[in-house]
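There are 2 protein chains.
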Amino acid sequence: MTEATESNAVLIGKKPIMNYVLACITFFHGGAKEVSIKARGRAISRAIDVAEVIRHRFLPDAKIKSISIGTDQLLPQEEGNSPTNVSTINITLTR
Amino acid sequence: MTEATESNAVLIGKKPIMNYVLACITFFHGGAKEVSIKARGRAISRAIDVAEVIRHRFLPDAKIKSISIGTDQLLPQEEGNSPTNVSTINITLTR
Numbered sequence: 197m198t199e200a201t202e203s204n205a206v207l208i209g210k211k212p213i214m215n216y217v218l219a220c221i222t223f224f225h226g227g228a229k230e231v232s233i234k235a236r237g238r239a240i241s242r243a244i245d246v247a248e249v250i251r252h253r254f255l256p257d258a259k260i261k262s263i264s265i266g267t268d269q270l271l272p273q274e275e276g277n278s279p280t281n282v283s284t285i286n287i288t289l290t291r
Numbered sequence: 197m198t199e200a201t202e203s204n205a206v207l208i209g210k211k212p213i214m215n216y217v218l219a220c221i222t223f224f225h226g227g228a229k230e231v232s233i234k235a236r237g238r239a240i241s242r243a244i245d246v247a248e249v250i251r252h253r254f255l256p257d258a259k260i261k262s263i264s265i266g267t268d269q270l271l272p273q274e275e276g277n278s279p280t281n282v283s284t285i286n287i288t289l290t291r
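First to last, the sequence lines map onto chains A and B.
With my numbering, the residue at position 53 of the first sequence is 249, and numbering never jumps.
With my numbering, the residue at position 56 of the second sequence is 252, and numbering never jumps.
So here's chain A without its partners, still in its complex pose (with noise of 0.2 Å):
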């Protein structure tokens, strides 16, 4: 992965979706040519719902560059439990 994904991540909490489409047009509007949308779990389908209005209500121009799946292992909080499994998206838009 460049250097330049890397920098240009909107990691998906559980805000409002306006508030993480508006990080990656203030990135792409500061002169980046690819931002990462990333999410865990439940917010997954909220980073789809980002990039979907991004490319069709904001910027017509921008694509999806590569969209990967992937699995992250979380600790538990208590000792003695074992780990659990989160699935992961990254989806790369380029302009």
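Careful: at least some of the hints might be erroneous.
If chains are identical, the list can't say which one is meant, so a pair holds when it fits in one copy or spans any two.
[Unchecked claim] Taking lysine-lysine and the DSBU-like style, the derived pairs with C-alpha atoms no more than 30 Å apart in a straight line are:
{"id": "1", "residue 1": "Lys234", "residue 2": "Lys259"}
{"id": "2", "residue 1": "Lys234", "residue 2": "Lys210"}
{"id": "3", "residue 1": "Lys259", "residue 2": "Lys211"}
{"id": "4", "residue 1": "Lys229", "residue 2": "Lys211"}
{"id": "5", "residue 1": "Lys229", "residue 2": "Lys210"}
{"id": "6", "residue 1": "Lys229", "residue 2": "Lys261"}
Worth flagging that the hints you see were computed from the coordinates, not collected in a lab.
Chain A is fixed; fit chain B onto it per the hints.
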């Protein structure tokens, strides 16, 4: 999209993840070369869970052929309401 892809599709709903994992594995054991995992809205994160469990636990030789995202427009249930958009994902696994 090829005919084979369309005929081996698993649509993710609200059942336990292992139900969908089993459905995909059954397709592969029946000779399918490709299986598509499709989901909309909040079920999207579960679609990725299904793909990850298949790849890491049951079929280590299964690979992700493609991941695509999109938007479906849902017509309103009552007249006068505007249509709403829902994000979609399509993960195609291949062996």
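Against the structure, the hints:
In this homomeric assembly, Lys234 and Lys259 come within 30 Å of each other (Cα to Cα) both inside a single copy, at 16 Å, and across copies, at 21 Å. For the homomeric pair Lys234 and Lys210, the shortest alpha-carbon distances inside one copy (13 Å) and between copies (24 Å) are both at most 30 Å. Taking CA atoms no more than 30 Å apart as the test, Lys259 paired with Lys211 passes inside one copy only; the shortest distance there is 24 Å, against 33 Å between copies. When the C-alpha separation of Lys229 and Lys211 is checked against a cutoff of 30 Å, the pair qualifies only within one copy, where the shortest distance is 25 Å, while the shortest distance between copies is 40 Å.
Only within a single protomer do Lys229 and Lys210 lie at most 30 Å apart by alpha-carbon distance; the minimum there is 26 Å, versus 38 Å between protomers. Within a single copy, Lys229 and Lys261 get their C-alpha atoms as close as 11 Å, and across copies as close as 26 Å, so both meet the 30 Å cut-off.
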